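**Q** Place chain B on chain A using the hints.
Residue numbers (numbering that gives the first Met the number 0), protein chains in the order written: chain A, 0 to 337; chain B, 0 to 337.
Source of the hints: derived by calculation from the structure; they are not laboratory data. Any given hint could be a false lead.
[To be verified] Some but not every residue of chain A turned toward chain B, in silico, with C-beta under 10 Å: (1) 3; (2) 36; (3) 37; (4) 54; (5) 56; (6) 72; (7) 146; (8) 295; (9) 310; (10) 317; (11) 321; (12) 330; (13) 334.
[Stated by the list, open to error] Quick list of in silico lysine-lysine cross-link-like pairs, DSBU-like style, CA-CA up to 30 Å: (14) B:165 - B:203; (15) B:119 - A:157; (16) A:58 - B:165; (17) A:263 - B:311; (18) A:58 - A:119; (19) A:138 - B:270; (20) A:311 - B:119; (21) B:157 - A:111; (22) A:311 - B:58; (23) B:138 - A:270; (24) A:311 - B:263; (25) B:311 - A:270.
Predicted model only: the values in this text are computed from it and were never measured. Built from N, CA and C at the ideal position, the CB exists for glycine as well.
Protein chains: 2
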Amino acid sequence: MKKLWFVYALLIGMFLVYVLNYKLQQANTTDPWETAGLRGNIEDTYVMVTFQSGIDYWKSVLKGFEDAAEELNISVEYHGSTQHNANEQMTVLEQVIAKKPAGIAISAVNSKLLTATINKAVESGIPVVLFDSGAPDSKAYSFLGTDNYDAGIEAARKMAELTGAKGAVAIITTPDQHNHQERTDGFRDTIRTDYPAMQLIAVKDGRGDQVASRAATEQILSQYPQLAGIFATESNGGIGVAEAVEAHKGNSNSPKIISFDTDKGTLDLVKEGKIAATMAQGTWNMGYWSLMELFHLHRDLAADPSAYANHKPLPVPDLVDTGIDVVTRANVDSYYAK
Amino acid sequence: MKKLWFVYALLIGMFLVYVLNYKLQQANTTDPWETAGLRGNIEDTYVMVTFQSGIDYWKSVLKGFEDAAEELNISVEYHGSTQHNANEQMTVLEQVIAKKPAGIAISAVNSKLLTATINKAVESGIPVVLFDSGAPDSKAYSFLGTDNYDAGIEAARKMAELTGAKGAVAIITTPDQHNHQERTDGFRDTIRTDYPAMQLIAVKDGRGDQVASRAATEQILSQYPQLAGIFATESNGGIGVAEAVEAHKGNSNSPKIISFDTDKGTLDLVKEGKIAATMAQGTWNMGYWSLMELFHLHRDLAADPSAYANHKPLPVPDLVDTGIDVVTRANVDSYYAK
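Looking at chain A on its own, in the form it has when it is part of the complex (with noise of 0.2 Å):
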């Protein structure tokens, strides 16, 4: 009798290992990895490189490249130049590019410099895609990044209904960097075009920063002190324009200010109401289409490294206008770094 007990709980046990490990196949059997989504292999790298890689200003566009690499599965790397330094920023795509990451996303800080060690990179068959600060000369595929003259239209219609269309206005802007000029142009030829009341009656350099920023405007405004508005085609400018203006309460009209860009200290004037508007980058897009983009390139570079050498039609678009929103205080709380 004691063995017949023992042969029945022998039975038992191993009966109800088969049937729960008969549940286990089952479950490992619909394994979706194969068949579902889009989806990459974690152990694929893709890196973004900046320079001048501390600011603020990388932030949102990192989190749309880790947000896009979280979705597809796959691994992010970030590095940069830390100064504005073409030999620098050459320097760290060097360096990526003997690690052969699954694609680089580049901002480069000059694009005739940067031009050959991107095509270094396209060459030894590494997806490359170029995202705010393009090289139009280089191999790369694509581009993603704002329009800057139709950012200064948008700018432009923004003051014409911040100053009910009539006036003279101004821009504090960075003459030698050329989106900054392509903003004063939009600027500029959007008043002269649509709006005859208003008049720009001076463009001054501000050199990025907020004291010559502020300098040039109190300059202005000792000239004009009923101006409508200014412009500032930089973030830095732009606090340097709301302090000028600040001080001088009182002996002028208050213009309004259009700044640009999204750092936490444009912002705080927003929510202030000492700057009126602030023209935000479409920068979680630039980073997360960037790395949508690479992901398509890296699968089919992948698959034949001559694919694209043998004629084969990119799957990835040719540029990327990746958009310019308002921010004014009354979306200014959506605007904020998370």
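**A** Same frame as chain A, now just chain B:
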């Protein structure tokens, strides 16, 4: 003793159940449906809407749309007006809206007449993007298509390469269509600015028609027998131009022909060497990335229908330039429909 064996058996059985059940739960909690990859619901239907829905041109766009659907595990439908008719397309769009799809990608036959119906879709919570032919004043979230001015620039560069950058050239176009005017402008401006030894001697209306384009070309050839090249801004015209040049062989110089798009008739003439090059639009990209954008918009709006009304920045770019490729005898085989 009997009872003791029974207790042992029960304990062994329960222990095994516990262990295996634990393993099973482990397998379930790493359920990848929730975390892995970009993946939608096969019951969500996204709709592509065109006009002249039967023409070859849309095939590659639809292929891109379908390829994206397969990758994302979502469903698609194709609708469109059979004619080049805004009222018919409006009716089709109304019917699509009534079925409350997960998203709509539409190419507007007439940007002004379609705007109200597009806005109705957006206002009812359906994400809408435009491709190929936009509606800039509508509330659609994005536009994906060719930069036609840029396509004209590329055509001019190719023409310079084919003609040794010298001699007289002409354009056969459809002046009342805006995208064709842009192609003409890009070509004209580039010849004027970059190639001083080339002269644009005629821009003629080919009415998007093979016979009219042939007649226009014959007229030009009889006047300028030494013509070096002709750019046709659309493909019916390109075939007419090729016929005229073929008929004038011997009397004239056999000018190089650059055409537009990649329908079979045009590709065959490229293969035969009668058309030197044709400008291929990024049609697959239009379809693929339209659906990729709609998928992201739908996910946001499903989670929070007022997301964008409450100023959440859009998760998709404003504008996607799907690019242009130059197709010649060397790479023509890659462009036949698969």
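**Q** Assess, step by step, whether the Cα of residue 58 (chain A) is no farther than 30 Å from the Cα of residue 119 (chain A), and give holds or violated.
**A** holds (27 Å)
**Q** Was the hint right that residue 36 (chain A) lines chain B, CB cutoff 10 Å?
**A** Check passed: Cβ of residue 36 (chain A) comes within 3 Å of chain B, closer than 10 Å.
**Q** At a threshold of 10 Å, is the proposed contact between residue 54 (chain A) and chain B supported by beta-carbon distances?
**A** violated (20 Å)
**Q** For a C-alpha distance cap of 30 Å, please report whether residue 138 (chain B) and residue 270 (chain A) respect it.
**A** holds (27 Å)
**Q** With the threshold set at 30 Å, check whether the alpha-carbon distance from residue 311 (chain B) to residue 270 (chain A) stays at or below it.
**A** Holds, at roughly 17 Å.
**Q** Hint residue 3 (chain A) vs chain B: min CB-CB distance below 10 Å?
**A** For residue 3 (chain A), the interface hint holds, since the closest Cβ of chain B sits about 9 Å away, which is under 10 Å.
**Q** Could you grab the alpha-carbon distance between residue 138 (chain A) and residue 270 (chain B) and see if it respects the 30 Å cut-off?
**A** Answer holds: residue 138 (chain A) to residue 270 (chain B) is near 27 Å, not above 30 Å.
**Q** Hey, residue 311 (chain A) versus residue 119 (chain B), does the alpha-carbon distance stay inside 30 Å?
**A** violated (39 Å)
**Q** Tell me if residue 330 (chain A) is really an interface residue toward chain B, meaning its C-beta lies closer than 10 Å to one of theirs.
**A** Result: holds, 3 Å to nearest chain B Cβ.
**Q** Starting from residue 165 (chain B), check that the Cα of residue 203 (chain B) is at most 30 Å away, please.
**A** holds (21 Å)
**Q** Does the closest beta carbon of chain B sit nearer than 10 Å to the beta carbon of residue 334 (chain A)?
**A** It holds, given that the least Cβ distance between residue 334 (chain A) and chain B is near 8 Å, below 10 Å.
**Q** Does the structure keep residue 157 (chain B) and residue 111 (chain A) at a Cα separation of 30 Å or less?
**A** holds (24 Å)
The earlier numbered hints that this structure contradicts are 4, 5, 16, 20.
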